[in-house]
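**Q** As a plain string of letters, each chain reads:
Protein chains: 2
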Amino acid sequence: MRKIIVFEHVSIDGYIADKHGKIDWAIRDEELTKFSQEGEETVDMYLFGRITYDMMASFWPTPMGKSVNPVFADILNKANKIVFSRTLKEATWENTEIVKHVDKEEIMKLKHKPGGNIMIFGSGILVSELAKLGLIDDYQLLVNPVVLGEGKPLFKNLPEMISLKLIRAKEFKSGVTFLHYQPK
Amino acid sequence: MRKIIVFEHVSIDGYIADKHGKIDWAIRDEELTKFSQEGEETVDMYLFGRITYDMMASFWPTPMGKSVNPVFADILNKANKIVFSRTLKEATWENTEIVKHVDKEEIMKLKHKPGGNIMIFGSGILVSELAKLGLIDDYQLLVNPVVLGEGKPLFKNLPEMISLKLIRAKEFKSGVTFLHYQPK
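Chains A and B, in that order, are what the protein sequence lines are.
Position in the first sequence (first residue = 1) + 302 = this note's numbering.
Position in the second sequence (first residue = 1) + 302 = this note's numbering.
Be a bit skeptical, because a hint or two may be false.
Any copy will do: because identical chains look the same in the list, a pair fits if it lies in one copy or spans two.
[Claimed, not checked] Heads up, simulated DSSO-like pairs for lysine-lysine below, C-alpha to C-alpha not over 30 angstroms straight-line: (1) K486 x K324; (2) K415 x K380; (3) K486 x K472; (4) K434 x K321; (5) K402 x K324; (6) K434 x K324; (7) K458 x K324; (8) K475 x K434.
Source of the hints: derived by calculation from the structure; they are not laboratory data.
This is chain A alone, in the form it adopts within the complex (with noise of 0.2 angstroms):
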């Protein structure tokens, strides 16, 4: 069955972005990006939130995006992808899909079609709206060695605590480390 993989920067008290949506604080230097890459690769579908979406599909698909990290934007300009809104009426980032709500069964048949695994970055909402349904197979997560004091989490209003198995912890150069988790 495809995998659905939440693979976020996060600062070391847990937000995806600073107050004003602003993610310039994760480290992007060269191990890290190959390391992000290598994890790419069993991925052919990504699922976003609005905001991310938003900010996704008004880079990659430009030059400038295209100039920035060529390999990842042509692997997500050309992936399968879905956003979830309940507003947004058209999908101007190629080979997307519009879907309104976050249904269980729905996201259950994605999971057993044929394919590679299924990525989320950032989308917080999505996240905490997913792992409620006990929908995420896997948390890997990039601690950035930084405190943003106030900013976007990537967990919020859960019903009940979840508790994860750590696969294991790796430390980059630059301070940040991966945690890598499963459900239990």
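Following the hints, complete the assembly by docking chain B onto the known chain A.
**A** Frame of chain A; chain B shown alone:
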């Protein structure tokens, strides 16, 4: 100079207690208890915020506290302690001084006095106040393999982000990861 060391059990999402103030999700097995006690060896003073103080003061001096972890109960009971509180009239826990508010000069004087290192557990508001003033020398975080979703954050309302340097990351059998940071 004496270091101020923050030593905390945190959840993956950066909370030191759940929304009810509970910390029973924090793993305290033999391996972690030994590791924590080794960390105490250079320490001879503890700082607390009011809420953490109340919790600790109602446990460690009691027969229950002394039986759960006699070594740690003895260390804590005998050590000099400061509780920061505007309202507390009397500190019944032995060797405890009440200080009304955080004053940078006073904390610097304390750090320059002869003695061992100074440790803080819990006490999120106090940690945030001291972090803002650049007074924390060492962040030692035990990241527990659990997402709380809501709770009491270690860091709150910092006016600006704090960049830290990762000293080391260490994996425990229980799935806890120790992340050790210092200011840059």
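**Q** For each hint, tell me whether it holds in the structure or not.
**A** Consistency of the hints with the structure:
no., hint, in the structure
1, K486 x K324, "between (32 angstroms within a copy, 21 angstroms between copies)"
2, K415 x K380, "within (18 angstroms within a copy, 63 angstroms between copies)"
3, K486 x K472, "both (20 angstroms within a copy, 21 angstroms between copies)"
4, K434 x K321, "both (24 angstroms within a copy, 17 angstroms between copies)"
5, K402 x K324, "within (26 angstroms within a copy, 37 angstroms between copies)"
6, K434 x K324, "both (26 angstroms within a copy, 21 angstroms between copies)"
7, K458 x K324, "both (18 angstroms within a copy, 18 angstroms between copies)"
8, K475 x K434, "between (34 angstroms within a copy, 26 angstroms between copies)"
In this structure, every one of the numbered hints holds.
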